[in-house]
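Modelling step: build the complete structure from the supplied sequences, incorporating the hints.
So the chains spell out like this:
Number of protein chains: 2
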Amino acid sequence: MSVLVVGSMAYDSVETPTAKIDKALGGSATFFSAAASYFAPVNLVAVVGEDFDFNDIEFLKNKNVDLSGLTTEPGKTFFWAGRYLANMNDRETLDTQLNVFEHFNPVLPEKFRDSEYVFLANINPDLQYNVIQQVNKPKFVAMDTMNFWITGYLQDLKKTLSVVDALVINDSEVKLLSGQDNIFKGARIIQDMGPKTLIIKKGEHGAILIHKDSLFSCPAIPVENLFDPTGAGDTFAGGFMGYLAMTGDINENNLRRAILMGTIMASFSVEDFSVDRIKDLPKTEIRQRIKTLLDLIRVKEDNNWIKL
Amino acid sequence: MSVLVVGSMAYDSVETPTAKIDKALGGSATFFSAAASYFAPVNLVAVVGEDFDFNDIEFLKNKNVDLSGLTTEPGKTFFWAGRYLANMNDRETLDTQLNVFEHFNPVLPEKFRDSEYVFLANINPDLQYNVIQQVNKPKFVAMDTMNFWITGYLQDLKKTLSVVDALVINDSEVKLLSGQDNIFKGARIIQDMGPKTLIIKKGEHGAILIHKDSLFSCPAIPVENLFDPTGAGDTFAGGFMGYLAMTGDINENNLRRAILMGTIMASFSVEDFSVDRIKDLPKTEIRQRIKTLLDLIRVKEDNNWIKL
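Residue numbers (our numbering), protein chains in the order written: chain E, 84 to 391; chain A, 84 to 391.
Be aware that a few hints might be false.
As the list claims (entries may be wrong) - Below, simulated EDC-like cross-link-like pairs (lysine to aspartate or glutamate); rule was C-alpha separation at most 20 Å, straight line:
{"id": "1", "chain 1": "E", "residue 1": "LYS242", "chain 2": "E", "residue 2": "ASP275"}
{"id": "2", "chain 1": "A", "residue 1": "LYS241", "chain 2": "A", "residue 2": "ASP275"}
{"id": "3", "chain 1": "E", "residue 1": "LYS383", "chain 2": "A", "residue 2": "ASP332"}
{"id": "4", "chain 1": "A", "residue 1": "LYS279", "chain 2": "A", "residue 2": "GLU199"}
{"id": "5", "chain 1": "A", "residue 1": "LYS383", "chain 2": "E", "residue 2": "ASP275"}
{"id": "6", "chain 1": "A", "residue 1": "LYS295", "chain 2": "E", "residue 2": "GLU307"}
{"id": "7", "chain 1": "A", "residue 1": "LYS106", "chain 2": "A", "residue 2": "ASP149"}
{"id": "8", "chain 1": "A", "residue 1": "LYS374", "chain 2": "E", "residue 2": "GLU335"}
{"id": "9", "chain 1": "E", "residue 1": "LYS279", "chain 2": "A", "residue 2": "GLU307"}
{"id": "10", "chain 1": "E", "residue 1": "LYS144", "chain 2": "E", "residue 2": "ASP359"}
{"id": "11", "chain 1": "A", "residue 1": "LYS383", "chain 2": "E", "residue 2": "GLU335"}
{"id": "12", "chain 1": "E", "residue 1": "LYS295", "chain 2": "A", "residue 2": "GLU307"}
{"id": "13", "chain 1": "E", "residue 1": "LYS285", "chain 2": "A", "residue 2": "ASP173"}
{"id": "14", "chain 1": "E", "residue 1": "LYS258", "chain 2": "A", "residue 2": "GLU307"}
As the list claims (entries may be wrong) - If you want the footprint, here are the derived chain A segments under chain E, 3+ residues with CB under 8 Å:
{"id": "15", "region": "239-245"}
{"id": "16", "region": "335-347"}
{"id": "17", "region": "365-372"}
I should point out that these hints are in silico values taken from the structure, not numbers from a laboratory.
From the three backbone atoms N, C-alpha and C, an ideal C-beta is built for every residue, glycine too.
Here is the structure:
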């Protein structure tokens, strides 16, 4: 089954303590679809400006990504510039130019309306809501958001939350949205707003899946050479949703497997700038990293191991 | 098999955002032995002052802890006072009075010298080294340390590290000791100093076991009512070492199981002040929490789940 993503396509200028790149391909829809396309066909909806170089996304066409929903508007492409601090966790935004993204009003091509798996990347919650209305019979709708929408557009956000299955969010956003310091208490408050499935991203500390009453904790794959964290969250979401769409199974255990797949894709993404590491990954490398992650979490049990 | 612990016995005054306790039983050897005693007999070596109330540790006697190595010296018992900030991760020390602990010079009772499992809690590395010399044929020696010894007593610390099997350490101490911001790179540098097994504690984010070339990542058990984190690390070490001593198996997979047991014991410890939660735990509660932790990390695999 295919997966629909609605989000941004952008150019990023990124500085890390060791390197710097100007005008690299970025945007939530870009990272998401690059990752998801290893698992399922992707229907992409985004907007770019007249300056956009379509050669930059030639690789998406070759990867099962349908770009019929990518429109070009007068003006420039969304631009973001940021700098990561020495710990690579904190970053400062140096520049944000919304450009054509400011008036992004996603309209789904007719053939996208039957998408069963839907990912609403981090855009205005009102637009996210409108997208859901355009999908005929979604099977699983997940959304992202950020502090900007939580603090300034809470009513719109709550309306959208009330109609989605899953929220992908980081730990500090859980606290902000729920008003709770404890993320597990906070999660229950957010579940009451709508989504029964929460995917809480904790960066180098991994991710937590809360599905109804069950909890799953997945570590991040150790990265010795963290190069550029930009896009890791959207890449994670791409692996997660792509795997669900591939398997067509949204039961508890398969959601856990999907979390593993998101973790794996994100671990590649941070090893290079932009989508450079995930644009052309051999499947053997993905399989190898699945093995690495399973080794990282596996405990062999037998009936006698606890003799208490 | 029994496990030997050499460390502190103390009185703590602790303030959290919601509660406060004066002169509560504390100390690394106390938390460690309370936890380890569920799994194996414990030989405890520590020192207290004349003010110490032995009624406070009556429960240890009933729990298979041999107190022959606990001496009373003229003066007062080690005292620590601290306050946890709102996030419960950061704390400030309000007072430290080493008292009799300042001249602690651990001498093992003859019958403790055959201990096979040895835990050197956070004391002067030179004393830790001297303890190891007093054990006849240790099978597995683990040690703790802290920033104070890393920055001020590095040569002594390196000498001790060169003769132990395992180091229990937190993530910031890994960075300090190795000079590396990346804990996985740092871990290899520390392994070159001696211990082939590292247990890296990350608080609410769980723990990482690095054993030779293998990695295991274990999440913390979600705690909705974090009451007092004091002693969680020593409780963790007690569960870990106690389980190893109970099973007499230091192979890779059993080290992983021992990490689970440390995680479980620590999750109880933080639910109340002092050792109140772990001094008299029914084994059914421990078994229940083992199940909780296994559910938290379990992913069912089958041969077809990755169809890439």
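Taking the hints in turn, this is what the structure says about them:
1. For the hint pairing E/LYS242 with E/ASP275, the CA-to-CA distance comes to about 12 Å; that is within 20 Å, so the pair holds.
2. Under the criterion of a C-alpha separation no larger than 20 Å, the hint pairing A/LYS241 with A/ASP275 is consistent with the structure, at around 10 Å.
3. Between E/LYS383 and A/ASP332 the CA atoms are separated by roughly 14 Å; this keeps the pair inside 20 Å, and the hint holds.
4. Between A/LYS279 and A/GLU199 the CA atoms are separated by roughly 18 Å; this keeps the pair inside 20 Å, and the hint holds.
5. Restraint check for A/LYS383 and E/ASP275: not satisfied, since their Cα atoms lie roughly 28 Å apart, outside the 20 Å limit.
6. For the proposed pair A/LYS295 and E/GLU307, the alpha carbon gap of about 16 Å is at most 20 Å, so the pair holds.
7. Between A/LYS106 and A/ASP149 the CA atoms are separated by roughly 24 Å; this puts the pair beyond 20 Å, and the hint is violated.
8. A hinted pair counts as satisfied when its Cα atoms are at most 20 Å apart, and A/LYS374 with E/GLU335 qualifies at roughly 17 Å.
9. A hinted pair counts as satisfied when its Cα atoms are at most 20 Å apart, and E/LYS279 with A/GLU307 qualifies at roughly 19 Å.
10. Proximity of E/LYS144 to E/ASP359 is assessed by CA-CA distance (about 15 Å); at most 20 Å being required, the pair is judged to hold.
11. For the proposed pair A/LYS383 and E/GLU335, the alpha carbon gap of about 10 Å is at most 20 Å, so the pair holds.
12. For the hint linking E/LYS295 to A/GLU307, the alpha-carbon distance of about 16 Å falls within 20 Å, and the restraint holds.
13. With a C-alpha separation of about 18 Å, the suggested pair E/LYS285 and A/ASP173 falls inside the 20 Å cut-off, and the hint holds.
14. Straight-line distance between C-alpha atoms of E/LYS258 and A/GLU307 comes to about 13 Å, which keeps the hinted pair within the 20 Å bound.
15. With 0 residues bearing a CB less than 8 Å from a CB of chain E, the region 239-245 of chain A misses the requirement of three and the coverage assertion fails.
16. Against chain E, the region 335-347 of chain A contributes 4 residues with a C-beta closer than 8 Å to a partner C-beta. That satisfies the three-residue criterion, and the hint holds.
17. Given a C-beta distance limit of less than 8 Å, the hint that chain E covers the region 365-372 of chain A holds, as 3 residues qualify and 3 suffice.
Going down the numbered hints, you'll see the structure goes against 5, 7, 15, while the others check out.
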